[in-house]
Structures are given as structure tokens and as C-alpha cells.
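Engineer: Chains A and B, in that order, give the protein sequences.
Numbering-wise, the first sequence is residues 1 to 136 according to the UniProt record's numbering.
Numbering-wise, the second sequence is residues 1 to 136 according to the UniProt record's numbering.
Calculated directly from the structure, the hints in this document are not laboratory data.
Misleading hints may appear alongside valid ones.
Taking beta-carbon pairs under 7 angstroms as the criterion, some of the chain A residues facing chain B (in silico) [stated by the list, open to error]:
{"id": "1", "residue": "E47"}
{"id": "2", "residue": "T49"}
{"id": "3", "residue": "R56"}
{"id": "4", "residue": "L57"}
{"id": "5", "residue": "M60"}
{"id": "6", "residue": "A64"}
{"id": "7", "residue": "A67"}
{"id": "8", "residue": "E68"}
{"id": "9", "residue": "K78"}
{"id": "10", "residue": "N80"}
{"id": "11", "residue": "G82"}
{"id": "12", "residue": "L84"}
{"id": "13", "residue": "V87"}
{"id": "14", "residue": "P106"}
{"id": "15", "residue": "G107"}
{"id": "16", "residue": "P108"}
Far from chain A, by Cβ distances over 12 angstroms, these chain B residues were calculated [to be verified]:
{"id": "17", "residue": "P8"}
{"id": "18", "residue": "P16"}
{"id": "19", "residue": "A18"}
{"id": "20", "residue": "L20"}
{"id": "21", "residue": "A31"}
{"id": "22", "residue": "I73"}
{"id": "23", "residue": "A121"}
{"id": "24", "residue": "L126"}
{"id": "25", "residue": "A136"}
All figures in this text were calculated on a predicted structure; none of them were measured in a lab.
C-beta atoms are modelled at their ideal positions from N, C-alpha and C, and glycine is treated no differently.
Protein chains: 2
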Amino acid sequence: MIRFDLNPRLEGDSLPVADLPLCAVRLMKDANYPWLLLIPRQSDLVEITDLAPEDRLQLMTEIATCAETLKGITGCDKINIGALGNVVSQLHVHVIARFRSDAAWPGPVWGAAPATPYEPAAQERLVDALRARLIA
Amino acid sequence: MIRFDLNPRLEGDSLPVADLPLCAVRLMKDANYPWLLLIPRQSDLVEITDLAPEDRLQLMTEIATCAETLKGITGCDKINIGALGNVVSQLHVHVIARFRSDAAWPGPVWGAAPATPYEPAAQERLVDALRARLIA
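Looking at chain A on its own, in the form it has when it is part of the complex (with noise of 0.2 angstroms):
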């Protein structure tokens, strides 16, 4: 069995969406964007280069399901994609669902702007549609 520590501060700031076959599957706690964190259950791993040759085709094919999923119940005009790492250097994916009139609109959304709470039932529901067409 493969030991997987998700680091606490990626922890904190994102709930549980979905396991995919590689990946844990987060939404960070931002209602400024509709946000996924993509997190390959292995330990020890850095760069998307530490994942093994087809580990790596099984994120990218992931990090499309996750994509196709936001951009299918979001309706947003842009998928933002991004693996940095430079604060938490555990390896995950940013998948994030952009809007023209959003926060940080047409810049990044890493520090942008402050974290918003979702409204509880907004969060139930989002996590809920992502789920169902996660796990279908």
C-alpha cells in the first residue's frame, strides 16, 4: 500500500470532492472561483517529472475530466490550468473555472484576492454536482 500524506495547508484550504484513479480530487474554499486541486495519491513527489511515464498521461487525462467537468456546470468563459508549487512544494494541479467579471480577471488567481467562504448550501450544492459527474 502506498503511504499518502496530504500536506496540511493544502488540507485546510480545500474539502474533498472525489478520489479519481490517480488523483484526490479538492475544491479549495474560494467562492471567488469554482476551484479544484488535483493531487496524485503518491508520496514524495515534487514535479509532475517525479510521476512515473504513464502516471503522467493519467494526470493529464484527469486534469481534462476535471476541466470538461468545471467548464460543463460553471458555464465559465476560460480553464485555468496550473502546477506551481513554489509555497507547498507537494505536487498538485490547480484546475480553476474563470470568469470575465471575476476577482482577478485577466490575471492569475494566485494572490489575488482574499478567500471567500462559499454560502453552506452553495458549497453543498456545488461539491454535490461535482461529485456526480466525477464519479459517473
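Use these hints to put chain B onto chain A, whose structure you have.
Structural biologist: Frame of chain A; chain B shown alone:
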């Protein structure tokens, strides 16, 4: 033959390095960070999900190749990867060598510091080194 027009802003901000099977690889004219652009040579692409599924996997392979090449040449502290496209919609992927000492660390590079031209000999050395590894 597939028509492929490079967006004028992407073209003006960067220099050609190499053609991989899917993407044109270009170096951003910004000495703040060794920074590659990967642009799939197909028309009318905006999102990664506009690529056929097999081309998405090829894109991941080429991202990993560029990441390993940049890391090998520069000895950087971290690779940043991003597909944003909020300003220039033509699909392009950033693969950036980051250093703890660089102008934007630990933030993202986009919008952080004005582009600084390379000293011509340094630019030529970097392009030659990239080309030698990417075309090998």
C-alpha cells in the same frame, strides 16, 4: 496540411527554439526566468480539451520533456507549468524555471516583473543548449 497561425503577441514576446511533434517550443524574451512556451501547431485551439485525447497525452509528454530540459540546463529550484490564456486565447503552455532568488518568487511570474531582455550572447547560449537537448 493544417493551417497554424501563431498569435502575434506570443510571436513578439518569444523566440523559436524547436518543433516537437505536437508543439512549437519558444523561449520568452525575458531574462528574469528561463521560460518556455509550448504551442500546439493546430488551428482554433483554446482549451487543452480542444485537443484530441491522444494529442493531450502528447502535450503532457512534451511538457515533461521541456521541464526536464529546463531543469537540466538551469538547475532551477522549481518548475512552474501553466495554461491560462485569459489574455491571449490561442492555446499555449508555460514551462518556467523558477529560482528562490528570482523576481517573482514565490508568486507566479505573470504580471510580476517587466520583461528584461537577455544579453545577446547569453540568449544565444541558452537557445543553443535548449535546442541541442530538445532535438536530440
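Engineer: It remains to establish, for every hint, whether it holds in the given structure.
Structural biologist: Structure-based check of each hint:
1. Interface restraint check: E47(A) against chain B, minimum CB-CB distance 5 angstroms, threshold 7 angstroms, status holds.
2. Proximity of T49(A) to chain B holds as hinted, the smallest CB-CB distance being about 5 angstroms (cut-off 7 angstroms).
3. Interface restraint check: R56(A) against chain B, minimum CB-CB distance 5 angstroms, threshold 7 angstroms, status holds.
4. Here the hint on L57(A) is kept, as its CB sits about 5 angstroms from the closest CB of chain B, short of 7 angstroms.
5. A cut of 7 angstroms between beta carbons decides the hint on M60(A): the least distance to chain B is about 4 angstroms, and the hint holds.
6. With a cut of 7 angstroms, the hint placing A64(A) at the interface with chain B holds, because the nearest CB-to-CB distance is about 5 angstroms.
7. The criterion of a C-beta within 7 angstroms of any C-beta in chain B is met by A67(A), whose closest approach is roughly 5 angstroms, and the hint holds.
8. Satisfaction of the interface hint for E68(A) is found here, the shortest Cβ-Cβ separation to chain B being roughly 5 angstroms, below the 7 angstroms cut-off.
9. Below 7 angstroms, beta-carbon pairs count as interface contacts, and K78(A) has one with chain B at about 6 angstroms; its hint therefore holds.
10. For the restraint placing N80(A) at the interface with chain B, the shortest Cβ-Cβ distance is roughly 5 angstroms, inside the 7 angstroms limit, so the hint holds.
11. Against a cut-off of 7 angstroms between C-beta atoms, the interface hint on G82(A) holds, since the closest Cβ of chain B lies about 4 angstroms away.
12. For L84(A), the suggested interface contact is upheld, since its CB lies about 5 angstroms from the closest CB of chain B, less than 7 angstroms.
13. With 7 angstroms as the threshold, the beta carbon of V87(A) comes within range of chain B, its nearest partner Cβ sitting at about 5 angstroms, so the hint holds.
14. Taking 7 angstroms as the C-beta cut-off, the interface hint given for P106(A) holds, the closest approach to chain B being about 4 angstroms.
15. Below 7 angstroms, beta-carbon pairs count as interface contacts, and G107(A) has one with chain B at about 5 angstroms; its hint therefore holds.
16. Interface hint at P108(A): satisfied, since its Cβ lies 5 angstroms from the closest Cβ of chain B, which is below the 7 angstroms cut-off.
17. At roughly 17 angstroms from the closest C-beta of chain A, the C-beta of P8(B) stays outside 12 angstroms, upholding its exclusion from the interface.
18. Every Cβ of chain A is farther than 12 angstroms from the Cβ of P16(B); the closest lies at roughly 24 angstroms, confirming the non-interface assignment.
19. Separation of A18(B) from chain A is adequate, the least Cβ-Cβ distance of about 18 angstroms exceeding the 12 angstroms criterion.
20. No Cβ of chain A approaches the Cβ of L20(B) within 12 angstroms, the least distance being about 15 angstroms, so the stated non-interface status holds.
21. Look at A31(B): its CB is around 19 angstroms from the nearest CB on chain A, clear of 12 angstroms, so calling it non-interface holds up.
22. Distance check on I73(B): its Cβ is at least 14 angstroms (rounded) from any Cβ of chain A, clearing the 12 angstroms threshold; non-interface status holds.
23. Taking the minimum C-beta to C-beta distance to chain A, about 30 angstroms, the non-interface status of A121(B) holds against the 12 angstroms cut.
24. Interface exclusion of L126(B) from chain A stands, the closest Cβ pair being 20 angstroms apart, more than 12 angstroms.
25. No Cβ of chain A approaches the Cβ of A136(B) within 12 angstroms, the least distance being about 17 angstroms, so the stated non-interface status holds.
Comparing the model with each numbered hint stated earlier shows that all of them hold.
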